[in-house]
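Trainee: Residues per chain are reported as follows:
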Amino acid sequence: MEINSIPEAFQTKIRIAIISSLITGGKSFKQLKQLTEATDGNLGAQLIKLEELKYINVKKQFIGRKPLSTYTLTKVGLDSFKEYVEMLEDCINQLQDE
Amino acid sequence: MNKDIESAIEKIDIIKEVINKTQKDFSKISSFFIWVGVINLVMIVFEHIVYYVRDIYGYGSGIYSVLSTIFQPFVLVSYIICYLFFSNKMKKNNNEISLGLFKTWGVVLIGSKIWLDFYMRLVPDGINEELSMLWRCKELIIALPLFVVLFMTGILTKSRLLNIITGFISILYLILFTSMKEITYGAIMGNIGTRISVSGLFVNIIMSIGMIGLSVYLRKGVKMYGD
Chain A
1 MEINSIPEAF
11 QTKIRIAIIS
21 SLITGGKSFK
31 QLKQLTEATD
41 GNLGAQLIKL
51 EELKYINVKK
61 QFIGRKPLST
71 YTLTKVGLDS
81 FKEYVEMLED
91 CINQLQDE
Chain B
1 MNKDIESAIE
11 KIDIIKEVIN
21 KTQKDFSKIS
31 SFFIWVGVIN
41 LVMIVFEHIV
51 YYVRDIYGYG
61 SGIYSVLSTI
71 FQPFVLVSYI
81 ICYLFFSNKM
91 KKNNNEISLG
101 LFKTWGVVLI
111 GSKIWLDFYM
121 RLVPDGINEE
131 LSMLWRCKEL
141 IIALPLFVVL
151 FMTGILTKSR
161 LLNIITGFIS
171 ILYLILFTSM
181 KEITYGAIMG
191 NIGTRISVSG
201 LFVNIIMSIG
211 MIGLSVYLRK
221 GVKMYGD
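So the sequences go chain by chain: A and B. At position 8 of the first sequence (counting the first as 1) the number is 8 in our numbering, and the numbers step up by one without a gap. At position 198 of the second sequence (counting the first as 1) the number is 198 in our numbering, and the numbers step up by one without a gap.
Please keep in mind that the hints were generated in silico from the structure rather than gathered at the bench. Treat each hint with caution, since some may be false.
To be verified - In silico DSBU-like links for lysine-lysine, alpha-carbon gap of 35 Å or less:
(1) A:Lys-54 to B:Lys-138
(2) A:Lys-30 to A:Lys-82
(3) B:Lys-28 to B:Lys-138
(4) B:Lys-28 to A:Lys-59
(5) A:Lys-54 to B:Lys-21
(6) A:Lys-49 to B:Lys-28
Starting from the given sequences, assemble the full structure and let the hints guide the process.
Mentor: Okay, here's the thing in structure tokens:
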């Protein structure tokens with residue numbers, strides 16, 4: 001992965017934050033909101049985008065009468081995230097070499 | 001500095017910050033503590049039933065024999081089942097602090113029960129001052145590792161409150177242990193029950209109600225219910 005060809009999923013800070021928080025397991029909307037410090041509207045829009053890109057899965061259920069959406073990272077999302085972090089590391093290593 | 005490098009550093013900082021925040025999520029391990037507390041509460045109820053049956057039907061009765069045989073390994077087997085059940089969940093959670101805590105608690109809970117069983121087999125039968133002192137010291141096998149692991153939990157979760165409470169209860173335990181006071185235990189519906197040390201009862205309370213309290217404390221702020 002080249003820094004000039006960053007996938008759409010990693011082009012905004014909030015999407016990076018969402019994917020990073022899902023690395024440690026599934027999270028509810030509320031937990032993601034706390035972790036990313038995003039607004040409901042922005043977070044919802046970014047989650048839809050990541051779902052469309054097949055980076056995340058959503059499981060919707062009811063706990064009592066309250067809805068609970070649990071978001072998890074897909075294999076595509078995890079592999080791309082690993083590749084992206086490696087690319088960032090390479091980029092920084094290059095600076096150290098120079 | 002190259003703009004790409006600046007952007008890369010900034011993005012790595014975001015990733016680190018978010019992952020660090022997720023490490024503070026102790027909701028998975030808090031469920032484990034609830035079960036530890038419930039196991040010990042069930043053990044207390046079970047123990048009372050065993051004493052009741054003993055007092056009603058006598059030492060030689062079949063029902064007492066069966067219940068006391070089941071009772072001995074009850075907590076150990078329950079801890080092992082509970083540990084295995086949560087083991088997979090904790091690994092999936094990828095939370096290093098929670099996983100470290102879980103393993104430490106597992107070793108302490110299961111290990112101290114095995115040591116206790118081994119110790120009780122070593123202590124000879126009989127009634128004299130030395131033997132009763134040895135019997136009294138058996139509760140230290142549970143209590144001392146419990147306080148150490150509680151302090152560890154406080155340090156790893158960076159909870160000053162937990163460390164203060166642990167410090168307070170460990171001092172209280174020491175006072176109760178050295179006071180050598182005993183109370184009647186397991187006496188329900190007018191039966192005799194038995195005499196146990198106040199410090200032993202204190203350990204039972206920490207292992208049951210205390211564990212449920214610890215679970216609620218760790219879960220605070222990470223409620224999963226609702227969007």
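Trainee: If a hint holds in the structure, say so; if it doesn't, say that too.
Mentor: Going down the list of hints, with the structure as the test:
1. Taken as a hint, the A:Lys-54 and B:Lys-138 pair is broken in the structure, with Cα atoms around 57 Å apart against an allowance of 35 Å.
2. Of the pairs offered as hints, the one joining A:Lys-30 and A:Lys-82 holds, with about 25 Å between alpha carbons and a cut-off of 35 Å not exceeded.
3. A threshold of 35 Å between alpha carbons decides the hint, and for B:Lys-28 with B:Lys-138 the separation of about 32 Å falls inside it, so the pair holds.
4. A distance of roughly 19 Å separates the Cα atoms of B:Lys-28 and A:Lys-59; the hinted pair therefore holds under the 35 Å criterion.
5. Note on A:Lys-54 and B:Lys-21: the hinted pairing holds, with a Cα-Cα distance of about 25 Å set against a maximum of 35 Å.
6. For the proposed pair A:Lys-49 and B:Lys-28, the alpha carbon gap of about 28 Å is at most 35 Å, so the pair holds.
In the structure shown, a violation is registered for the earlier hint numbered 1 alone.
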